[in-house]
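J.: So the chains spell out like this:
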Amino acid sequence: MNAVEVQVENISKRYTHPVKGEVYAARDVSLRVKPGEFLTLLGPSGCGKTTTLRMIAGFETPDTGSIRIGDADVTRLSANRRNIGFVFQNYALFPHLSVFENVAYGLQVRGMPDAGIRREVGEVLELVGLSGFDRQFPAQMSGGEQQRVALARSIVIKPRVLLFDEPLSNLDAKLRIQMRMEIHQLQRRLSITTIYVTHDQEEAMAVSDRICVMNQGRLVQDGTAEDLYHRPADSFVAQFIGRVNMLDARVTAVHDGKLEVEVLGTRLRLRNPSFRPAPGDPVRLVLRPESLDLERSRDQERSRDQERSRDQERSRDQERSRGSEGPEGRVVSRTFLGEKIEYVVHCGGENLQVVSIDRGGDTHPAEGDRVRLRFYEDTIAVLEGRKR
Amino acid sequence: MSHARAAGAGRVLKDPALTLSVLVLWVFIGLFILLPMAVLLVGVFSTDGRLTGENILQILSDRNQIAAFRNSLWLAFLVGVFGTLLGFLFAFTACRAGVPRRLTGLMDALVLLPLVSPPFTTAIGMIFSFGPRGLLTYHLLGMKGATVYGLWSTLFSEVLTFFPIAYLALKPMLNAIDSNIERMALSLGAGRFRVFRTVTLPLCAPGLANSFLLLFAASLADFATPLILAGNAFPVLPTEAYLQITGMFDLKGGAVLSFVLLVPSMLVFFLQRFWVSRRFYVTVTGKGAGQTPFDSVSPAVGRLLGSFCAFCALVIFYLYALILFGSLVRALGANHTFTISHFRIIFTEGRKAIRDTLIIAAFSMPLGGLYGVMVGYLTARKKFPGRLSMEIASMINYALPGTIVGIAYLMAFNQPPIELAGTAAIIIALYVFRYGATGIRTTIAMLQQVDKSIEEASESLGASSGRTFRRITMPLITPAFFSGLGVVFIRSMTAISATIFLVSINWTLITVRILENITELSLGPAAAFSVFIVVVVFVVMAAVDAGMRRFKSPGGAQVASVLGG
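If you read the protein sequences in the order shown, they are chains V and Y. If you're matching positions, the first sequence starts at 1 in this note's numbering and goes up one per residue. If you're matching positions, the second sequence starts at 1 in this note's numbering and goes up one per residue.
Don't read these hints as lab results, they were simulated from the structure. We treat Cβ as the ideally placed atom computed from N, Cα and C, and that holds for glycine. Some hints here could point you the wrong way.
Claimed, not checked - A few chain Y residues that face chain V, going by a derived Cβ cut-off under 7 Å, partial list only:
| no. | residue |
| --- | --- |
| 1 | Glu54 |
| 2 | Gln415 |
| 3 | Pro417 |
| 4 | Ile418 |
| 5 | Glu419 |
| 6 | Ala421 |
| 7 | Ile454 |
| 8 | Ser460 |
| 9 | Ala463 |
| 10 | Thr473 |
| 11 | Met474 |
| 12 | Pro475 |
Said to hold, decoys possible - Calculated lysine-lysine pairs in the DSS-like style (CA-CA distance at most 27 Å, straight line):
| no. | chain 1 | residue 1 | chain 2 | residue 2 |
| --- | --- | --- | --- | --- |
| 13 | V | Lys158 | Y | Lys383 |
| 14 | V | Lys20 | Y | Lys352 |
| 15 | Y | Lys252 | V | Lys20 |
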């Protein structure tokens, strides 16, 4: 089967809110999903991602803009003529029909003969690992099984586009991780153009080829997981994806390849951002917890660990040499999490999150210790600063 | 708003089946709900073609009528208070007093008796028991010339008749209170009574207000009980309106009298529907807290409450047993030899009434059920211009006292262009558009349990809206249809307040015959008729219940009871 492209051009949807008046659920959203691509709409609740998905499905009609699936303009076409597969958050299984009847429904609508239906349903149930469940009713099944039925029901009709509306939010954490892998693999195998909605950034990163972040009805950034994480378009994306320290800084110099800024009393040489700041401009720095590291301040360390050999210290220094030295701070809290240790360090009036990989040994700073911060400059992104 | 309306209009044009159903329903609602009301209003507010309020003023200056109005309100208030109290006591005992399940089951069954019998059944029992030749007053106590008529016996009879409404409204509410809340209060050191006073009771407050209003409305509209028991000393409005029309052949005067009832009735109805029902702390979704029930009282108090409820149930049982007894002896209170002559009478002389009633019920039942499901589905699930107006209009005949509706029908349909007076059609129409409304509520309540995404799933799989309704929605709300059938049938067998104005030589009803028998003091046949109705209703209800069970889809939505709504 040939995968098709989905093109969404400037669609908007507004509704009347009893208090706020006219509100845009989606505003000028444009998307282009390549044939066979897995695209995720990611954003907090109320950002318009579900509305956008429902317009693509045909459950809502956009006020303006157009939607194309393949070569056809489907903007005004009702949902039952679009040949799409939709997986709902609550699965929306027909409670009065058995698993077989649920999955067969779409084929019956299409007028397929019984023998063909039996064959197709059998195959798809095997594909999702539910062979032998034909006669069960949805209420008798676990959440994960119901999810598979919903999946089987929407792919058996060989839809041109597969749409998911937060399909995993009703499952427990472990099952969620397992199901998202299965969905990912299934999509790869069937190579159906897929649009997936979620508010869980980790889920989005795990399943998608490409992610579109939405906020307040608008599409904010469109890119791969790496793009969003390392090169966020604005502070919303930076804060929504992963954990982050946002620091105000001032540009001190601009070289051709690098940007020199001053932050917390330290000078850093960073990658050039997409915009062109001039010396003296305010900027905001996006520091991931792992863009920072820390070590005990030297004097403190000496007084405590007099007996430690100089060799050890030299190797530690080498290991950390990629980071450039920063200001001093004090450890406010320390959480041991197995493979890593999370710190909150108070420094220059800010509480900074720092994650450091635990490589054994008992030399890690404790709460209350004075520490020196280190910055890994290559991983720090720069955003336009607040104009005063 | 204008935007949403435009979208709704667009949808109607795209879906011809929807357009057609909406139009047809509006024609019927216009004809059988709006037209009679309009005719009534015109009649009340005009004299010789002039618009005037003098008809109303005339009533308001008549001291007798003022007294009747005051009596009506006073009786309704008392019934509301005592009925709610009794209903709450029953519900509380069943849910929170640690009474064995078997006993509450028995209570449930007995309490339902008044709901499925004609509204004046307990009144007949009262006469048998406390009348001049009553079993208790004359035979046991030896009282001569005891009088059973007046406010207190009317009140007693109406409370017994209507308190099951309060019980049915309050029980799911008490059940829905998460008993962990009460345990929490207990663990914080509050005593049982304190928990009841500070937690359980406040959580029930909206339910109590709700049931007070329901009972107030029921009593205000009740016509049969006061007609039998109130007597001349305690006139109330519905009976006055009836006597005005049947006794003095003054249709207009009756209309004006009944109109005076309209104002408090509508007020109470909208108060109940749009104010109280929004203040519920616990939404009753049928999803119980799923824990062991909390015992709010000590075992001793529990036993006391249990005994009291058992006693009340016994009183109901006694009144009904008395009616059965009265139908099987020559003359209750005078000659207690066994006879089947009363039943012979109702199956010979009364055969026409039985036949007519059953025919009318058989037609009203499917039509009313269908009407309820259709209006309920359209107003709950479809967008079309005038959706809200349809929902409100469809409730009018149900919300108003039967007396008003009956008089309005009589005025609207006894002259061309639509002359229906004297036919079965007018009675059937009244039942369909009055009692079918309960089916609308049940359908809407059930649809609220069926997530819209289930229908969207069907649509996304390529099914048209018609196919989605047939294959997905309809099977899931079949219980609402059966519940609608049940209610319409029960009311077709037992109602009297509206239809008493619409019966004729051609078409009469059992309930009207019972009333005639009582006024002629032939209580034996009246009792036999009552027994017949109760038996038929129970049989049909069992059948409907079986149908509901048979057609209830696995995983389908729940419907509370055949009497729901």
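J.: Confirm or reject each hint.
T.: Hints versus structure:
no. : hint                   : in the structure
1   : Glu54                  : 44 Å, violated
2   : Gln415                 : 46 Å, violated
3   : Pro417                 : 41 Å, violated
4   : Ile418                 : 40 Å, violated
5   : Glu419                 : 45 Å, violated
6   : Ala421                 : 45 Å, violated
7   : Ile454                 : 5 Å, holds
8   : Ser460                 : 4 Å, holds
9   : Ala463                 : 5 Å, holds
10  : Thr473                 : 10 Å, violated
11  : Met474                 : 10 Å, violated
12  : Pro475                 : 5 Å, holds
13  : Lys158(V) to Lys383(Y) : 31 Å, violated
14  : Lys20(V) to Lys352(Y)  : 64 Å, violated
15  : Lys252(Y) to Lys20(V)  : 51 Å, violated
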